[in-house]
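A.B. asks: Sequence:
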Amino acid sequence: MRPGVAAVAAVREVDAMAGSAWVSKVSRLLGAFHNTKQVTRGFAGGVQTVTLIPGDGIGPEISASVMKIFDAAKIVDGVVQSIKLITEGASKRIAEFAFEYARNNHRSNVTAVHKANIMRMSDGLFLQKCREVAENCKDIKFNEMYLDTVCLNMVQDPSQFDVLVMPNLYGDILSDLCAGLIGGLGVTPSGNIGANGVAIFESVHGTAPDIAGKDMANPTALLLSAVMMLRHMGLFDHAAKIEAACFATIKDGKSLTKDLGGNSKCSDFTEEICRRVKDLD
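Okay, so the sequence shown: first residue is 1 according to UniProt numbering, each after it adds one.
One thing to keep in mind: the hints can contain errors.
Derived BS3-like pairs (lysine-lysine); straight-line CA-CA distance at most 30 Å [as the list claims (entries may be wrong)]:
| no. | residue 1 | residue 2 |
| --- | --- | --- |
| 1 | Lys258 | Lys214 |
| 2 | Lys265 | Lys241 |
| 3 | Lys84 | Lys68 |
| 4 | Lys92 | Lys138 |
| 5 | Lys214 | Lys278 |
| 6 | Lys278 | Lys254 |
| 7 | Lys241 | Lys141 |
| 8 | Lys84 | Lys115 |
| 9 | Lys265 | Lys251 |
| 10 | Lys214 | Lys251 |
DEER-style ranges, computed between Cβ atoms [what the hints assert, rightly or not]:
| no. | residue 1 | residue 2 | range |
| --- | --- | --- | --- |
| 11 | Pro60 | Ile118 | 22 to 32 Å |
| 12 | Tyr146 | Glu202 | 24 to 34 Å |
| 13 | Ala195 | Gly253 | 39 to 49 Å |
| 14 | Asp176 | Arg103 | 20 to 30 Å |
Keep in mind that the hints were calculated from the coordinates and are not lab data. Here the structure is a predicted model, which means the values were calculated and not measured. All residues carry an ideal CB built from backbone N, CA and C; glycine is no exception.
All chains should be modelled from the sequences, with the hints used to inform the complete structure.
C.D. replies: In structure tokens form, the structure reads like this:
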């Protein structure tokens with residue numbers, strides 16, 4: 001979270017440019033059933049029983065090794081438990097933001113991404129709040145889809161999606177997948193929108209110290225983050241002009257930085273976008 005920002009949503013925008021989730025972890029050793037050992041211990045959520053299945057071959061040996069190490073660490077054999085925190089208030093706020101974002105940006109549908117079929121209580125609460133908000137937003141079409149199905153469909157046909165709303169972990173995974181479809185983190189913007197009117201817009205790629213100061217960097221992610229900022233401020237015409245010039249430069253393919261498949265410098269790429277912006281005046 002950002003200091004001073006009561007965050008409501010972390011937004012990742014993905015555009016098709018021409019030319020260019022706390023889940024419980026369970027380890028399973030699968031194989032034939034041999035000498036199973038059961039361990040029972042009380043948890044906050046009740047008593048849970050875990051069965052270790054060693055399998056054939058070296059299975060019994062390595063299983064014994066794992067059990068010995070877990071014993072030394074003084075934890076229950078073979079189990080890691082974590083807590084997934086989903087609140088009613090946060091779920092409602094992010095759902096309301098998604099529909100408002102869709103409406104303000106002329107988007108036609110919102111898809112809630114979840115795993116409520118497995119995590120019925122946590123993701124179930126999130127999905128319930130999304131459904132309730134959708135009932136009051138009949139002008140926007142509402143869909144709901146499992147995370148794994150979204151990942152598959154996003155690769156096969158991303159055009160079916162518009163605005164997606166999901167818990168933070170799923171967003172981290174899916175936004176990187178989307179970035180990979182359009183050229184990487186070097187072309188993907190992001191914004192962190194606060195309930196108090198404060199917002200932070202940033203590129204999410206690394207600092208790339210190996211190319212720093214060499215006029216090789218691709219400014220697209222930061223530029224499009226700034227475009228998101230302009231829209232947030234209500235400067236829609238300026239945002240549209242800069243975005244159009246940027247997309248046109250990438251589509252043209254003559255002034256691309258190295259990460260986009262070209263040989264141009266950062267300054268060359270910048271000058272070409274500036275030229276196109278002026279032509280749009």
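A.B. asks: Does each hint fit the structure? Answer for all of them.
C.D. replies: Verification of the hints:
Among the hinted pairs, Lys258 with Lys214 is consistent with the structure: their alpha-carbon atoms are about 12 Å apart, no more than 30 Å. Note on Lys265 and Lys241: the hinted pairing holds, with a Cα-Cα distance of about 22 Å set against a maximum of 30 Å. A hinted pair counts as satisfied when its Cα atoms are at most 30 Å apart, and Lys84 with Lys68 qualifies at roughly 29 Å. In summary, the hint linking Lys92 to Lys138 is supported, as the alpha carbons are separated by about 16 Å, within the 30 Å threshold.
Proposed proximity of Lys214 and Lys278 is supported: the alpha carbons are some 27 Å apart, at most 30 Å. Taking the CA atoms of Lys278 and Lys254, the gap is about 18 Å. The hint holds against a cut of 30 Å. Simply put, Lys241 and Lys141 have alpha-carbon atoms about 29 Å apart, close enough for the 30 Å limit, and the pair holds. With a CA separation close to 12 Å, the supplied pair Lys84 and Lys115 stays within the 30 Å bound.
Restraint check: the Cα-Cα separation between Lys265 and Lys251 comes to about 17 Å, which is no more than 30 Å; the hinted pair holds. A threshold of 30 Å between alpha carbons decides the hint, and for Lys214 with Lys251 the separation of about 24 Å falls inside it, so the pair holds. With their beta carbons about 31 Å apart, Pro60 and Ile118 fall inside the hinted range of 22 to 32 Å. The given range of 24 to 34 Å is respected by Tyr146 and Glu202, whose C-beta atoms sit roughly 30 Å from each other.
Separated by about 41 Å at the C-beta atoms, Ala195 and Gly253 satisfy the suggested range of 39 to 49 Å. Checking the proposed 20 to 30 Å range against Asp176 and Arg103 shows it holds: the Cβ atoms sit about 27 Å from each other.
Violated hints for the displayed structure: none, as all numbered hints are satisfied.
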